[in-house]
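Chains as they are written, first to last, in my numbering: chain A, 1 to 114; chain B, 1001 to 1113.
A few of these clues could be false.
Keeping only pairs whose Cα atoms sit at most 35 Å apart, straight-line, the calculated DSBU-like set for lysine-lysine is [as the list claims (entries may be wrong)]:
#1 B:Lys-1057 <-> A:Lys-52
#2 B:Lys-1009 <-> A:Lys-68
#3 A:Lys-68 <-> B:Lys-1057
#4 A:Lys-68 <-> A:Lys-56
One side of the interface only, derived from the structure: several residues of chain B facing chain A at Cβ under 10 Å [said to hold, decoys possible]:
#5 Ser-1002
#6 Arg-1026
#7 Gly-1042
#8 Tyr-1050
#9 Arg-1055
#10 Phe-1069
#11 His-1073
#12 Pro-1106
Pairwise CB distance ranges (calculated) [claimed, not checked]:
#13 A:Gly-78 <-> B:Arg-1018: 42 to 52 Å
#14 B:Thr-1013 <-> A:Thr-71: 27 to 37 Å
#15 A:Ser-97 <-> B:Ser-1079: 39 to 49 Å
It should be emphasised that the hints constitute simulated quantities derived from the structure, not laboratory data.
Quick reminder that beta carbons are idealized off the backbone N, C-alpha and C, glycines included.
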Amino acid sequence: GNSVTQMEGPVTLSEEAFLTINCTYTATGYPSLFWYVQYPGEGLQLLLKATKADDKGSNKGFEATYRKETTSFHLEKGSVQVSDSAVYFCALVMKGSNDYKLSFGAGTTVTVRA
Amino acid sequence: DSGVTQTPKHLITATGQRVTLRCSPRSGDLSVYWYQQSLDQGLQFLIQYYNGEERAKGNILERFSAQQFPDLHSELNLSSLELGDSALYFCASSPRLSTDTQYFGPGTRLTVL
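Construct the entire structure; sequences and hints are all you get.
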């Protein structure tokens, strides 16, 4: 089946540090890939997406590139802020499927210290 | 604000009880998804409705059911509740069946005592 594996957390960083969260996927076909973010006490927010190979999604200083050859969609940010402290979920949707349901990774908790 | 609303925000109940969680999708969205977020299972897809019809089922227990009404709001019914049903339940919506992007509500936190 389709699945997403993302790096185990928690990750603790200092402000202005570089953040990378690894995500790899297994899918029969060509999924759309997403990063969702969950701030403390809140719901899931779409952070960025990419729908085909070599696409780069970006938002709020975060970037991720859809790499078909390595089946990866790693999330990066060059300089994190305390406000980036959250849980980050990598997810996929199989285009052309019956349901377009999201399959999520386990989530990575990121804490940024001032 | 995603435009998806869920009520109630918190729900505390006892084992064996039944509860109903409500979701209103974004204006114009026809597709509604329900997900469960628990510590041991992570985020799991439960069920999808599209324009009033059940479209797909995931890891949904037989004690759980859902429906989507003509005004497109959806309800998730959980019965014979067990301690393990304690979780955050999210609703998400998208405009059409073939839309890959879903917008999530704030969730309902269910605590079963």
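Hint check:
1. With a C-alpha separation of about 26 Å, the suggested pairing of B:Lys-1057 with A:Lys-52 holds against the 35 Å cut-off.
2. Under the criterion of a C-alpha separation no larger than 35 Å, the hint pairing B:Lys-1009 with A:Lys-68 is inconsistent with the structure, at around 39 Å.
3. For the hint linking A:Lys-68 to B:Lys-1057, the alpha-carbon distance of about 28 Å falls within 35 Å, and the restraint holds.
4. A threshold of 35 Å between alpha carbons decides the hint, and for A:Lys-68 with A:Lys-56 the separation of about 12 Å falls inside it, so the pair holds.
5. For B:Ser-1002, the suggested interface contact is upheld, since its CB lies about 7 Å from the closest CB of chain A, less than 10 Å.
6. At about 12 Å, the closest approach between the beta carbon of B:Arg-1026 and any beta carbon in chain A exceeds 10 Å, and the interface hint on this residue is violated.
7. The restraint placing B:Gly-1042 at the interface with chain A holds, with a minimum CB-CB distance near 5 Å, inside the 10 Å limit.
8. Residue-level restraint check for B:Tyr-1050 holds (minimum Cβ-Cβ distance to chain A is 9 Å; threshold 10 Å).
9. At a threshold of 10 Å, the smallest CB-CB gap from B:Arg-1055 to chain A is about 6 Å, leaving the interface hint in force.
10. The restraint placing B:Phe-1069 at the interface with chain A is violated, with a minimum CB-CB distance near 20 Å, outside the 10 Å limit.
11. Violation of the interface hint for B:His-1073 is found here, the shortest Cβ-Cβ separation to chain A being roughly 17 Å, above the 10 Å cut-off.
12. Satisfaction of the interface hint for B:Pro-1106 is found here, the shortest Cβ-Cβ separation to chain A being roughly 4 Å, below the 10 Å cut-off.
13. At about 50 Å, the beta-carbon gap between A:Gly-78 and B:Arg-1018 stays in the expected band of 42 to 52 Å.
14. The hint said 27 to 37 Å for the Cβ distance between B:Thr-1013 and A:Thr-71, and at roughly 42 Å that hint is violated.
15. For A:Ser-97 and B:Ser-1079, the hinted distance range of 39 to 49 Å is not satisfied, since their beta carbons lie about 29 Å from each other.
In this structure, the earlier hints numbered 2, 6, 10, 11, 14 and 15 are contradicted, and the remaining ones agree with it.
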